[in-house]
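K.L.:
Each chain, letter by letter, is given below.
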Amino acid sequence: MKKLIKEFLKGIIKENPTFVLALGLCPTLAVSVSVRNGIGMGIAAGFVLLGSNVIIAMIKNIVPERIRIPCYIVVIATFVTIAELMLKAYSPVLNRALGIYVPLIVVNCIILGRAEAYASKNSVINSLFDALGMGLGFTLALILISGIREILGSGKLFGYTIMGGVEPALLFIMPSGALLVIGLLLGLFNLFKKDRA
Amino acid sequence: MNSAQFLAILISNVFIYIVILSRFLGLCPFIAISKETKPALAMSFAVTFVITASSIITWVIYRFMLAPLGMTYLRTVYFILVIAAFVQLVEMVIKKISPATYRFFGIYLPLITTNCAVLGVAVLNIDMFFVNDKAVPGSFSYSVFQGISVGLGYTLAMLLMSAIRERLDFCNVPKCLKDFPLAFIIASIMSLSFMGFNGFRF
Amino acid sequence: MKDKLKVSAAPHLHKKGESVSKIMWMVVLSLIPAGAAGVFIFGLNALRVIILGVVSAVVTEALLQLFTKNKITILDGSAVITGLLLAYNLPADVPFWLPIIGSFFSIAIAKQVFGGLGQNIFNPALAGRVFLMASWPKYMTTFSAPFSYDAVTSATPLALLKEGKILEHISYWNLFLGKRGGCIGEVCILALLAGAAFLLLKGYISWHIPGSYILTVGLFTYIFGPRGFFSGDWLFHVLSGGLILGAFFMATDYVTSPLTRRGHIVFGLGCGLLTAVIRLWGGYPEGVSYAILMMNAATPLIDRYTKTRIYGTKFSNP
Numbered sequence: 001m002k003k004l005i006k007e008f009l010k011g012i013i014k015e016n017p018t019f020v021l022a023l024g025l026c027p028t029l030a031v032s033v034s035v036r037n038g039i040g041m042g043i044a045a046g047f048v049l050l051g052s053n054v055i056i057a058m059i060k061n062i063v064p065e066r067i068r069i070p071c072y073i074v075v076i077a078t079f080v081t082i083a084e085l086m087l088k089a090y091s092p093v094l095n096r097a098l099g100i101y102v103p104l105i106v107v108n109c110i111i112l113g114r115a116e117a118y119a120s121k122n123s124v125i126n127s128l129f130d131a132l133g134m135g136l137g138f139t140l141a142l143i144l145i146s147g148i149r150e151i152l153g154s155g156k157l158f159g160y161t162i163m164g165g166v167e168p169a170l171l172f173i174m175p176s177g178a179l180l181v182i183g184l185l186l187g188l189f190n191l192f193k194k195d196r197a
Numbered sequence: 001m002n003s004a005q006f007l008a009i010l011i012s013n014v015f016i017y018i019v020i021l022s023r024f025l026g027l028c029p030f031i032a033i034s035k036e037t038k039p040a041l042a043m044s045f046a047v048t049f050v051i052t053a054s055s056i057i058t059w060v061i062y063r064f065m066l067a068p069l070g071m072t073y074l075r076t077v078y079f080i081l082v083i084a085a086f087v088q089l090v091e092m093v094i095k096k097i098s099p100a101t102y103r104f105f106g107i108y109l110p111l112i113t114t115n116c117a118v119l120g121v122a123v124l125n126i127d128m129f130f131v132n133d134k135a136v137p138g139s140f141s142y143s144v145f146q147g148i149s150v151g152l153g154y155t156l157a158m159l160l161m162s163a164i165r166e167r168l169d170f171c172n173v174p175k176c177l178k179d180f181p182l183a184f185i186i187a188s189i190m191s192l193s194f195m196g197f198n199g200f201r202f
Numbered sequence: 001m002k003d004k005l006k007v008s009a010a011p012h013l014h015k016k017g018e019s020v021s022k023i024m025w026m027v028v029l030s031l032i033p034a035g036a037a038g039v040f041i042f043g044l045n046a047l048r049v050i051i052l053g054v055v056s057a058v059v060t061e062a063l064l065q066l067f068t069k070n071k072i073t074i075l076d077g078s079a080v081i082t083g084l085l086l087a088y089n090l091p092a093d094v095p096f097w098l099p100i101i102g103s104f105f106s107i108a109i110a111k112q113v114f115g116g117l118g119q120n121i122f123n124p125a126l127a128g129r130v131f132l133m134a135s136w137p138k139y140m141t142t143f144s145a146p147f148s149y150d151a152v153t154s155a156t157p158l159a160l161l162k163e164g165k166i167l168e169h170i171s172y173w174n175l176f177l178g179k180r181g182g183c184i185g186e187v188c189i190l191a192l193l194a195g196a197a198f199l200l201l202k203g204y205i206s207w208h209i210p211g212s213y214i215l216t217v218g219l220f221t222y223i224f225g226p227r228g229f230f231s232g233d234w235l236f237h238v239l240s241g242g243l244i245l246g247a248f249f250m251a252t253d254y255v256t257s258p259l260t261r262r263g264h265i266v267f268g269l270g271c272g273l274l275t276a277v278i279r280l281w282g283g284y285p286e287g288v289s290y291a292i293l294m295m296n297a298a299t300p301l302i303d304r305y306t307k308t309r310i311y312g313t314k315f316s317n318p
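Keeping their order, the protein sequence lines are chains P, B and R. So that you can map any letter, position 16 of the first sequence is 16 in the numbering used here, and since no number is skipped, the others follow by simple counting. So that you can map any letter, position 133 of the second sequence is 133 in the numbering used here, and since no number is skipped, the others follow by simple counting. So that you can map any letter, position 188 of the third sequence is 188 in the numbering used here, and since no number is skipped, the others follow by simple counting.
By construction, these hints were calculated from the structure, which means they are not laboratory data. Just so you know, these numbers come straight off a predicted model, no measurement behind them. C-beta: ideal position from N, C-alpha, C; glycine also.
Reference excerpt, derived from the structure (chain B facing chain P, CB under 7 Å, subset only): (1) 22; (2) 24; (3) 27; (4) 28; (5) 76; (6) 77; (7) 116; (8) 119; (9) 120; (10) 123; (11) 176; (12) 177; (13) 180; (14) 181; (15) 192.
For lysine-lysine, the following BS3-like pairs were computed, each having C-alpha atoms within a straight-line distance of at most 25 Å: (16) 10(P) with 60(P); (17) 95(B) with 38(B); (18) 193(P) with 175(B); (19) 71(R) with 178(B); (20) 193(P) with 35(B); (21) 134(B) with 88(P); (22) 69(R) with 175(B); (23) 35(B) with 175(B); (24) 179(R) with 138(R); (25) 178(B) with 10(P); (26) 96(B) with 38(B); (27) 2(P) with 121(P); (28) 178(B) with 69(R).
Every beta carbon over 10 Å from chain P, so not counted as near; a handful from chain B, in silico: (29) 38; (30) 49; (31) 53; (32) 68; (33) 95; (34) 100; (35) 199.
Produce the entire structure from the sequences given, and follow the hints as far as they go.
P.N.:
Structure, rendered in structure tokens:
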């Protein structure tokens, strides 16, 4: 049990997919304009990660080595399609806001990366907890980045104005601002890591 | 089909909306492989080739298979499968022809499949050049041309970035910002400067 | 002997009695006439922007160097130049926090992050300006009218041109003297040329970048005129906007421009081409800062392909 909790926790800080492994940055940067979008993307990607990690851990012994990547991708793509259809049905607004980045979850490096690096080598239960931790870590990272960007770029949080009177810097809701925020956050994480080591 | 359309696609994809800097597609290999120019160039040629080819393939699949059968909701599965198979093919060819290049790419070659730019362009083509699952006139050539131009934009960004990062080897960058963080900050300023082309029209 | 052979990043010096800081202060000196003219034309608000820009650039540099435990080098004048150039690129009536935030961005993000003087890829002042332009476009494009000394706003000549308005009331002579709307330091061409002539005569900058830059803009805007080929008003394009300021004082920055003469000319050509393209077809009326930043990004590449040949060897593949 202790090991399982460790598997779960490592995804949140020590091997945070975004800040430490630097995986899955494309959707992170693209949808983090507002916290609401960030959480939506985090949950959608977490769902796909969970489903695919479990299935891949189950089928890892049947799949021939050479064609494993296409096989994994089909599994992932199936879950993405499920997520896409559910989003369309239950939250069309969010679906429109996330745009092409919903089908692009399929190529989110976190998911294939975890499939290749973890689920294809570990048991189903371990993979489940790995996926939960990674999904949560990804969502937290998204909340952090989108929070910073929403506050600085539009003076709001969750759509509520919190900085009245201050002119928000439009840059931060532009692509260039996303790159800047992630660069500085990665630097901060490095600084933090060095201090602890 | 007219040449102004083509010019618009070319300019907007190569200069204004460079996929990496404005849509963040293909960011991972952009940051990871842009430390030196040579592999960066090889990578971007590979990406250009894959994007162009997959634009053709996915268009054909969508137009002649998914749309008539009403299975368009399955496009993600079909597209990624085709792209994955195609990349595997490219991988095998490179392994045969140039083992040195192959060794250099390491983990990133299989990851071309998960280069969001490839699937992203395929999906974008469908979103832009199909109206209610019907191909607009000239849709095929637009799609292919968009694939090529996105690849060119990718190559341009990759080339600039790798040259800059080679130069940074000689600089005493603060330790915590070395490599990835600085690469993002450079990309940010590059994206800022390319904003100069915003609102471009003839 | 060993002490004399140091491998370091640009700027490299080989003249006797020169030092980085001396050159920097000379550049500051050469920029003073343009600033004085700006204050004369736009009033004391312009002076306030300049002072805020310079002071906050210097303070940011000092604080960051203190924080990272590096040697404090604010006396070398490079931070002063950055703050000065940034302020010159702002309208006179911006709110007080705009130059402060801009200077902070210039020094912190565009300079110190790369390791300080001599190592930055992008011109810090221009990066700061473009950052402000993206963040608060409203303030960055509201210009005060010359000699009004209060909040009478006017558009820049280039913005008027973009809107398709006729420009007959602005004579070349007024453009040359700076009687027009615009940023603080860019309007008075006469003062800018005086400063530039000083730098050229003292040999601190060469004619290659400004020459090829201005020539390209002139030629290009002449060829692609509004009434068909070869009908453009090239003199207007050369005299308006930030071209003269950019070409002589910002494109020539030692650190962010190529090393060789051949590289200089390629750099100037690229800047000119991009500036003209943005002015003629882009969404913004002015393209100087974007053009120079883009060519900054291309500088390492230009350097690689314009490397001077080692004497007695053949060209090697770069």
